[in-house]
Structure formats: C-alpha cells, structure tokens
Amino acid sequence: MSKRLIHRRAVIQGLASSAGLMLSGCAETVPPTYGNLLRMGDLLTYKAHRLLLPAQALAREYERSDISAAAAIGTINPGNSAERAFNTEHGPVYERIFGDKFANWRLTVEGSVARPGAFSLEDMKRMPSRTQITRHTCEEGWSAIAEWTGVPLRTVLEACGIKPSARFIQFYAYDNGVGSIDMIDALHPQTILAYGMNGRDLPMGHGAPVRLRLETQLGAKSRKFLRRIVVLDEHDADTFQQIDRGWAWYMGI
Amino acid sequence: MVAATAISAVPVEGHRLWARLCHWLLALSFLGLAFSGIVILMAHPRLYWGEVGNAMTPAILEFPINDNHRPEGWERAVVFDDIDGAPVSGYRMYRIFNENRWARSLHFLSGWILFLAGAAYVFAGVATGHIRQNLLPRLRDLAPRALWSSVTAYARQQFRDARIGPPYSLLQRLAYAGVLFVFLPFMVISGLTMAPTITAAFPVLLDIFGGYQSARTLHFVGFVVLFLFLVAHLVMVMLTGFRRQLRAMILGS
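Those protein sequences? They're chains U and X, same order as listed. Every letter in the first sequence is one number past the one before it in the working numbering, and letter 69, counting from 1, is 97. Every letter in the second sequence is one number past the one before it in the working numbering, and letter 171, counting from 1, is 327.
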C-alpha cells in the first residue's frame, strides 16, 4: 500500500516537472493565448501547422485577368474620428500625412535590430520590390484577388540588422490595430510591406500608404495603415490587444 | 431475404465501450461544429463558386437571415479603371453581425475533437474487425434487388423490434459507413481547403474543389447532408425505442 502511494507520488512529481519543462521550453516560441479551452484549441492548431507543414510554401499566385472586385472593410479612414478604431493620438497624424500625400510618413523599425531605422515611402520604393497576385481571404467568409507590390518584410528586417534572438514581429497601425506574427511568417518570401495595389498606389481604404500582406494567414492579420514595426524577443502587453478583443492570435486557418 | 434477416430480432448484444465513447465525442463535436458553423456562415451568408466571392460579386445562394449583405450599405468606388474589367472597390458603411471571435475558435476546437475521436474510432474499428464485419456493406447486398427490399422493409417500418447494436441492416451500414468514410473526411478536407496555410502547402486542394469559395459552398452542402443524417438517425432511434436505444448507447446494452 505505502509502496503504491510512493509510486503514485513519484508519478505526480514526474508529471509536474515535465509540465514545468514544457512551460519553460515554450516561453520563447509559444504565441500568446488565453488559458481557456478555445485558445488551447487555437494553440494546438498553430503548433500542428508549424510542426507538420512546410514553412516557406508559397500561396497560390494568379493571373492579372483573375483580379476581382475587392471590398475594403475594417477601418477605411484612420483619420476619421467617427471610425470605430479611431486612435486619438495617431488618427490626427494620419489625416495630416494623408494631406501631403505621405511625403512626411515614416515607417519606424525598432526593437531587436542592430540598426533601428525610419523608412520613407521613397526609401521603400527604391528597395527591391516584389509583385504578387494573390487571394485575400477574410475571416467573414468572402475573398478577393488583387495584385500587390511592395518590399519583402525580410529585406527591411535584414536592412535593419535583425538579431538572432527575434521571435515575433509586431505591427502598429494608425488606427487602433496592433498585430504580431512569428518569424516563419515574417521571413516568408510572399510576406511584403505593400505600397501598391493593382498597379496603383495603395488606396486609403486598403491601407495607404503601406500595409502588410501576409498570404499564409487570413486577411485580418495583414494590418493596414502601418506606422511602426517592433521586433520582439518575446511578446509584450501590446500583443494581447488582438486576443483581448477575443480573436485568435494565429489565423492560418 | 437478406434484408429481412439483417433487421430481424436477434438476442441483444449492445455497443462496445470504445464505440460508445467515440460516438458521444463525435456527437458533441458535431453539435459544436454545426452551431459554430452556422454562426460563422451568418457573418457572410452568401455562397459562391470559384476562388472569389464578396459583396461586390454575384452569389449563387444568399440566405436572408440577417442584414449582413445590403448592397445599398456599400459605397462603391472604381479605383482601378486601368485594369480590364475595372475591378471595383467598396467600403462597407454599416456594422454587421460577426461573432467569429469565439465561433471560429469553437469550430476548430470541435474539429480537433471530431478528428481525434474519428481517428480513434477507425483505429479501434479496424483492430476489432467492427468496421469490416458490421459497417462496410457486403458486396452481394448492394445488388439492386437486395437494396430495394431493404428500402421497402424500412418503408413498411419493419424495424420495430430492431436489436440494439450490430449486426446492422444494409441501410444502416450504408449510412454509418457513408458518414464515417465519405462525408466526415469530405468535411475535414473541404474545411481545410479554406485555410490559407493549408492551401499554401497543398495547392492541389484548390484544384480539387475548384477554388476557395467552391470549397466553402461544398462544405455547407456536406453539412446539409450530415444534418439530414442526424435527423434520420434520431427518427430511427425514436421509432425503435428511444429509452432502450439511449440506455444502450450510454451503458452498453
């Protein structure tokens, strides 16, 4: 009887210590989640995708004749105080920089980089560009095909000397949007900072002057109206904004 | 009289423990999937064919269950007039019903339970011979005459004294095997075809279904089939002794 009890205690201790190991092992790479059941399902999906799927597989690209009508939803003018996601600090700034055609817009890159930087629209257009015709898929259930032109995020991160400790890239927009992605998505060749759409400058409703295009996740992760990029070693309080509103962090499905 | 013997009364045997466990897990996950699936559909209650479908393109089926699609609620803008066919953009001027925050997460959590319970069922079913002996229709039973006599026997309600559990009648075998090996896998695969990370890894899925929107439409068709199965299943349980059948599926016999 006592032998059995000891045995049981050993098992429990073993389980507890391995759980501790898992927790400490996960601290770097696990994306932010709630502790609740729904978020555990999302975490399982994320882990399974990262474990089982090739990291750099390209999303399908289409022909120019496939370009379709495209709806722009969410924030369509961050400078409009009537918008739901209007930011009292950055909304008025957006209105001003939109007025001078983004000549004074800068995208700042900071965090775990050797050379933090600020890029103007001209700077970005001088960098090597990538053009892709891809499908935008909304969590609501609709889809559209458009042509996107921009700088691969990887190029910008490398220009700033991204450090090996980097685990997440966090995007800040002129509306209240904040979102982060992991390094697999950040370094994906189709992940671009897009300034052009269908051969034109990105229209305001679609995220002018620059938006993220992340083709391996749903549209909600492709933040519009970018103003700031922060390279993170681990997620911070801002990362939780998306989750605090109830959305899953990972939207590859 | 193959069909008559297949549904005649023989001594009660009941359901095995693993089959009961998997049955209730599958039932639970189906309810979670159906409920969250309808909530997800309500965010954009229009179905399309091909890769593209949104508020600016025609639908093949529209459910007038809420206000989510109102053409007059959109401000249309032709901003890409140098492209053939001049794709329009559009800005939604009203808020829609969207509970996808939790509905999507519940859908995928339920999907994991369905997948794991289904896989466990198939594994145990193959190991015990249950699938081969009890679920797969015997080839000779699939002759038109045998099939017809089985249908007419059901039409005459010659199942009032149906035994609990296997052996199953031909129609039962067709229904159970069809759900397990055709419709549930179809739902999983058509569902995964809606996931951008999955179709980046396996673009062939988009070819199989004819595009993201086609997969979404067929996912709904599959749901209708499974829902009809559930209705027929419950009707048969009631016609053959609701309390007796329920007890057997919980306690075994």
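A few of these clues could be false.
To be verified - Here are the in silico distance ranges between beta carbons for each label pair:
| # | chain 1 | residue 1 | chain 2 | residue 2 | range |
| --- | --- | --- | --- | --- | --- |
| 1 | X | T308 | U | N64 | 20 to 30 Å |
| 2 | X | T308 | U | D94 | 49 to 59 Å |
| 3 | X | L272 | U | E91 | 20 to 30 Å |
Unchecked claim - Stretch by stretch, here's where chain X covers chain U in the computed footprint (C-beta under 8 Å, at least three residues):
| # | segment |
| --- | --- |
| 4 | 100–110 |
| 5 | 117–129 |
| 6 | 196–205 |
| 7 | 238–245 |
FYI, nobody ran anything at the bench for these hints, they're computed from the structure. All C-beta atoms in this analysis are idealised placements derived from N, C-alpha and C, irrespective of residue type, glycine included.
Now the hints, each set against the structure:
| no. | hint | result |
| --- | --- | --- |
| 1 | T308/X to N64/U: 20 to 30 Å | violated, 52 Å |
| 2 | T308/X to D94/U: 49 to 59 Å | holds, 51 Å |
| 3 | L272/X to E91/U: 20 to 30 Å | violated, 40 Å |
| 4 | 100–110 | holds (count 3) |
| 5 | 117–129 | violated (count 0) |
| 6 | 196–205 | violated (count 0) |
| 7 | 238–245 | holds (count 3) |
The structure does not agree with the numbered hints 1, 3, 5 and 6 stated previously, though it agrees with the rest.
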